Every structure is written in structure tokens, then in C-alpha cells.
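Order-wise, the sequence lines are chains P and V. For the first sequence, our numbering assigns the number 1 to the initial residue and increments by one for each residue that follows. For the second sequence, our numbering assigns the number 581 to the initial residue and increments by one for each residue that follows.
The hints are simulated quantities; they were obtained by calculation from the structure and are not laboratory data. Where hints are given, some of them may not hold.
To list a few chain V residues with every Cβ distance to chain P over 10 Å, as calculated [said to hold, decoys possible]:
#  : residue
1  : M581
2  : N585
3  : R597
4  : L598
5  : V609
6  : A627
7  : L628
8  : I634
9  : G649
10 : D695
11 : T732
Straight-line Cα separation of at most 25 Å, BS3-like style, residue types lysine-lysine; simulated pairs [said to hold, decoys possible]:
#  : chain 1 : residue 1 : chain 2 : residue 2
12 : P       : K545      : P       : K500
13 : P       : K191      : P       : K275
14 : V       : K619      : V       : K648
15 : V       : K663      : P       : K246
16 : P       : K165      : P       : K246
17 : V       : K663      : P       : K165
18 : P       : K327      : P       : K312
19 : V       : K663      : P       : K248
20 : P       : K275      : V       : K648
21 : P       : K275      : V       : K737
22 : V       : K613      : V       : K653
23 : V       : K653      : V       : K584
24 : V       : K663      : V       : K737
25 : V       : K584      : V       : K663
26 : V       : K737      : V       : K721
Okay, the calculated bits of chain P under chain V, using three or more residues with CB under 8 Å as the criterion [unchecked claim]:
#  : segment
27 : 287-293
28 : 321-330
No experiment lies behind these values; they were computed from the predicted model shown. Ideal Cβ placement from N, Cα and C applies to all residues, glycine included.
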Amino acid sequence: MYRYDEYDQQIVDERVRQYRDQVRRRLSGELTEEEFLPLRLQNGLYMQIHAYMLRIAVPYGFISSGQMRMFAHIARKYDRGYGHFTTRQNIQFNWLKLEDTPDILADLASVEMHAIQTSGNCVRNITSDEYAGVAQDEVVDPRPYAEILRQWSTFHPEFAYLPRKFKIAISGGKEDRAAIYAHDIGLSVTKSAQGEIGFRVLVGGGLGRTPVIGNEICEFVPWQHILTYVESILRIYNQYGRRDNKYKARIKILVKALGIDEFKRQVEADWADLKDGSGALTAEEVSRVAGFFSDPAYETLTDHDSQLNEFKADSRSFSNWVLRNVKPHRVPGYVIVVLSLKKPGSVPGDATAEQMETIADLADRYSFGEVRITHKQNLVLADVRQKDLIRLWQDATAYELTSPNIGLLTDMISCPGAEFCTLANARSIPLAKLIAERFEDMDFQHDIGEIAVNISGCVNACGQHHIGNIGITGVEKKDHDEWYQVSLGGAEGNNSSIGKIIGPSFTFNQVPEVIDRLLQVYLRERLEAESFIETVRRIGHTPFKEYVYATDLDVPEEETVDKHVVMPAQYSVPFYSPRF
Amino acid sequence: MIIKNRAIVEDDWTVLRLNEQESAENVTVAAGKVIVPLKVWLAQRDALQQRAEIGVWFASDERPEDLKGDVQKFSVIAVDFPKFSDGRGYSTAYNLRARLGYTGELRAIGDVLRDQLFYMQRVGFDTFAPRPDRKIEDVLKGLTDFSEVYQTSFDQKLPLFRRVQRKGNSPAGLGQ
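Taking the hints into account, I'd like the entire structure generated from these sequences.
Here it is as C-alpha cells:
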């Protein structure tokens, strides 16, 4: 993985110093909260309901075991012993004090990490394919380009105060695993017929209030020109993106207003005189950065392992786990292992300090000391010897990291929801738990097969509900109770689509019943080997809608709950709140 | 007082801002060193270009291309930041320098604060008129927050990777 040189380290160290002084000026009153807000946001610091939340950048989801141990340290020393891995491959700590945050950043800088641009109206952390470098379908390894773009976007002077946040994702496989269609800029690194490396560039995708699938702005930008091409897109957006209404400020609105052809014309007019200038990328730099992503010391092995097959025959839970959580690797004798952070009853994406340390140990023992965070909020050990699978499974099971549910119903994406977030209309995590408990039966989940259930507490779509096969969104109604809209037919990947709302919204307790009815229609209608989304696409939404609303959803409701109170069973009180 | 070329200096320019009763056509531009709104320049160009020294300022939604061939006529061009979080002025400055070849004084006016100064100097501003309620000595410190940068902008024509020899991977460096 990429390692800092003295320049990277110096920039991050200077950032810590700058931020420490900004916090000092805030605490002394020299800076008003309004002035401090964009500064802290550009450092990933949010003021949530109970405390400050810090989002730490995990560049394209890659970390070393040492960095993971630092997360465990931060969780114990400054937080309540756990952290939350996010859909943009970052980690968040939810219970921090403002005064501690400069020290946390200094701790992070000591392991080559930071929280730069993890929020705010700037270029955010670049995300990528969690199987980069090891996937069988990879055309070009996207990681060197992701790192080059990370450096280019870090403290870019012209694009720190954009109309709105700006997210870039990059993928290099035949199958898109980085949701590039749902980003402000989506890049697919590929090869031309002549073998030249370049990028297919998508622009104006995004979720949120107005979900849009990205448009292709350029079919092939040669690798030398990718930085300047992205720069021109940002310059046009910075000048002409709307600033009068934050809900219309993302680049997708500008692209829609101008039309993709006119937007492209403006971008390429700007690009024309940058293109062959000194901002062009050099082969030396690509090769220097690519050197950090060269193969680890793989052994020469074969894919056949009789012991593994025997054990699979003996242990149903192991064979289920291999079926769902172990993915093929491009090197014989190696596999990719996904450690699930979706054990039913737990919070999707949460990991305790102890689990983080275990994961770091597992990475050292079995996977060259590296861990990857997935956009579905799980963790990946990318280079595991097939012959180590049984021991790895046994070790990880002791720490509840082997739920065999990757890609299944309980592998839900969920945002933090109203318990933590000031934007949310409804709780997400308790709903995810309720759904997970309802469908806990592994045989049932394996029978249903591939399905993506994504939950967001509001229209801002941090839980990516638009691209869930079943999407659930907390909506506001006049009574301020919790209501949830259910959408159907969303998907990520090469066939990305935006889900459509099926009808009137539901109460908290009705949602699992609604999911059950949707699944019943699928079970009734599916053809052999057809996944949930394929059935939805074949038969359309009507049979699903009709069945869901056919009879009353007779579900007892809980007593009124305060949706902003975190369930004390999960987290210890008292709450520290900076709001009061 | 303003910050110019990294030092605190006296300033003898006045910035003309139109009030509600005034229009670009009828406003009287006082004698002396005045920085006028772009609209006023465009409306009174014939008279104003007779002056020995004149400045013009851009609102955040105005584009430098509107000056066309006039850029070199000005002793000062200013860009207004109505709020520090409105970042259009950064691209305005960059385009004035890099695209229109403006070489004179480029001044940031309006909501100009310490924590934005580093970025402002990079896109081509050399002069800063901080918000009057701020201590100018303190604002000046913003220019030196960082000693190294990755990417090109107006101040730095070469990206870091073309400027210095950067360290590659050493096999011993992997894992922890």
C-alpha cells in the first residue's frame, strides 16, 4: 500500500498544526461557530446530536494493520470503545470532545492518516473497488490513480469552497464495484484497443434528494490527461453550479440544466489549454506510485485443497461462509475473504476496539498486514491463502466476524439515523436490527440469495437507499412520528438503476412485514436461478405493490419512542452533548 | 491597512460599492484611486479609461471574460467574496491570471479571513483586504499555513511530482 514520503508527512503534520490553532481560536471565541463550521467540516468534524463526530479518511478503503490498531486506540482513548465504518470506505467516531480532536489528528498523522476533506463542500475521499489488485476481472489496477487523485485533490486551492460536496469514485474491473454511476465523477480505468490506458469519465451521478445515474462525458481520456480533465470539470462546476439552493447545488443539477453536450463543450474548452501543460501526469509518477501497489510475496500454490472440501462437508456454517464471504482471487491458491460487520443484532458497520485489534491481528497473520473497507460497510482481507481459510474462520468466528451473509438480506447498508444524526427523520440502526432479527434464518437468506436492502434515515441517502434492490427511507410527516418509504428496483454496478417508491409510507414495525411480502412475491414468481432484482426487472413493480397493499399490515406498534435517544443496551450513558 | 506581497501596508484605494439609489450609469466616480464595480466600468468605460489609475472589481457571479481586452488597463483588479464560503472568486482569479494574462495587482476583498488566505494566494491573489473586524497581523499568518503543495495552480506551475524527486517503494516499508 501507499506509504508517505517526507512531503506527504509534512503536509499532514502542518494540517494538524493549522487545525489545532483553529480549534484554539474557536474555543477562545476568536472564531464564531459560523466561521469555524466549514473549517471543521473540511476536517471531517460534525456536531451531532450527542457529541462531535469525526470522520477519518481511509484513502480508497485501504489500511494497514498498524493503522487499524490506531483506530482501536482512538476508540478506547477518546470514544466509547467502538467506531463505525461508512459506505464511503471511511471510519467515523461518534462520541468525541472538540478539545480532543487535535490530539486525535496528531495520533492519526503518526500512522500516515488524516481527516482532510472528509466533509465540507470540497473534493471528498476518493473511493475505489474493494477488490482492486486481486479481482479476477480487473482490467487496470485503479489504486495508483486513486492515490494520485487523492494527492491532487488534497488542499486544491481553487476547489475548497465548491457549491456542494464532490465525490469521485474509480473502478478498474469489468464489473463496477465502486458505484461509479452514483458519484459526481465516476472513473472507469480501462484499456483502448491499442492497449493504451485511459479513463471512461462519467459525470453528474449521485443519490440524495435527486438521484441521478451519471452521464458519460468522455469515452476515453488518456491517463496523462486525467488530472487536467477532472480539473476542468471542477472549474466549470465551481463557476456555474448553483449556490442559491443547497438542494440544487450538486453538479448533477448543473449537468441536467446545461445538458451533457453543452456541459462537455464547456469542460473541453477549458481543458484545451491545460491539456498538454505541466499539469499532465508523467509516466515516472505513475510508475513510482504503482510501485507501492506491486504484488505482495505470493507463494506458488494451487487451488485444490482436499482438507478444505472435507471441512466444508462437515460444517454447514463453514461451507455457507465460504459460499458467501470468500471470493475468487486472481492468484492460484489465494482467496479474498470478506469479514462481515453485519451480524444480526449488531449495528451495520460498527466494530469494537477489540474487533479492530483482532482484525489487525488476522491481517498480519493471514493477509500481508492489509485490510480494506468496503462500500457495503464490511472488511476485506484480500490475500488469504486458501489453506489458511479454516484457521482464519475459526479465529474470526470467536469475534463474531463471520456471519455468512455477504450480499444477502442481512448484509444491509444503513446510515447512523436519527439516534445520532441531526438530519435524519427516522431511526435507521434499530430498523436494520429489527429486519435482521426477522430474517435471521440463514437457510432462508441463502434461499433468497443476492439482495441489497439499503436504509437511509432521510432523503440525503447516506444509506444509499436509491440503489438498494429494496430501499428504505425515513420521511417526515406532520405528526413527527417515524415513517418509512419503501422503494423497489434500485441497483448498483454495471446495471445501475434508481429504485421507485412503491406507495404510501409505513411505520417502523410494518417495514419487516413489507419486506416479507416483497420476498413472498419474489419466491412465487422467480424463475430458476433468478435473483430478486432480475425478477423485479422481468415482471415489473405492479405484482409487488399489489401484494404489499392487498391487506392491512396488522402489526402492533411500540409505544412512542424518542427517536433521538440511543438505545442504552448498546451504548453506555450518560450522553455528552455539545448542543446544550 | 492591507496585506500586499506578504506585508502589511497602507492602502490608498477606495472600493466603490453602489447603494440602492445608484446605478452603474449615473453614479459619480470620485476622483483619485477608485476600484469600481465591473458594471460601472462597462457603463462608463470611455470616461474612466482616461484616468491615470483606475481599478475594477468583480462580484462573485461575474466572469473575467467580460473585461475582454481591457485587463491590462487596470492598476488593480479586485474580486469580491460576499461570503468566504462562496468559492467562485478562486476560479475568477485563476482565469484572470492564467487565461487573460493579467499581471497587475489582484486583490481579494469582502469576507476575507485568515483561513482562506493560503488558498487565495495560490490562485493568483497578491493583495488582501481582510474583513475590518479582524486583526490584520493575525490574518497575515494564514499565508504560511503550509510549506508544500501537491498540485499546480497559478503560483506553482509544476506539480510536486515534477518538481522534486519523490521516494518510491522500498520493500522493507510494507506492513507494520
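Hint-by-hint comparison with the structure:
no.: 1; hint: M581; in the structure: holds, 19 Å
no.: 2; hint: N585; in the structure: holds, 18 Å
no.: 3; hint: R597; in the structure: holds, 20 Å
no.: 4; hint: L598; in the structure: holds, 21 Å
no.: 5; hint: V609; in the structure: holds, 28 Å
no.: 6; hint: A627; in the structure: holds, 30 Å
no.: 7; hint: L628; in the structure: holds, 26 Å
no.: 8; hint: I634; in the structure: holds, 25 Å
no.: 9; hint: G649; in the structure: holds, 18 Å
no.: 10; hint: D695; in the structure: violated, 6 Å
no.: 11; hint: T732; in the structure: violated, 5 Å
no.: 12; hint: P:K545 with P:K500; in the structure: holds, 11 Å
no.: 13; hint: P:K191 with P:K275; in the structure: holds, 20 Å
no.: 14; hint: V:K619 with V:K648; in the structure: holds, 14 Å
no.: 15; hint: V:K663 with P:K246; in the structure: holds, 15 Å
no.: 16; hint: P:K165 with P:K246; in the structure: holds, 10 Å
no.: 17; hint: V:K663 with P:K165; in the structure: holds, 17 Å
no.: 18; hint: P:K327 with P:K312; in the structure: holds, 15 Å
no.: 19; hint: V:K663 with P:K248; in the structure: holds, 19 Å
no.: 20; hint: P:K275 with V:K648; in the structure: holds, 23 Å
no.: 21; hint: P:K275 with V:K737; in the structure: holds, 13 Å
no.: 22; hint: V:K613 with V:K653; in the structure: holds, 14 Å
no.: 23; hint: V:K653 with V:K584; in the structure: holds, 20 Å
no.: 24; hint: V:K663 with V:K737; in the structure: violated, 28 Å
no.: 25; hint: V:K584 with V:K663; in the structure: holds, 21 Å
no.: 26; hint: V:K737 with V:K721; in the structure: holds, 24 Å
no.: 27; hint: 287-293; in the structure: holds (count 3)
no.: 28; hint: 321-330; in the structure: violated (count 0)
Hint compliance for this structure: hints 10, 11, 24, 28 are not met, and every other hint is.
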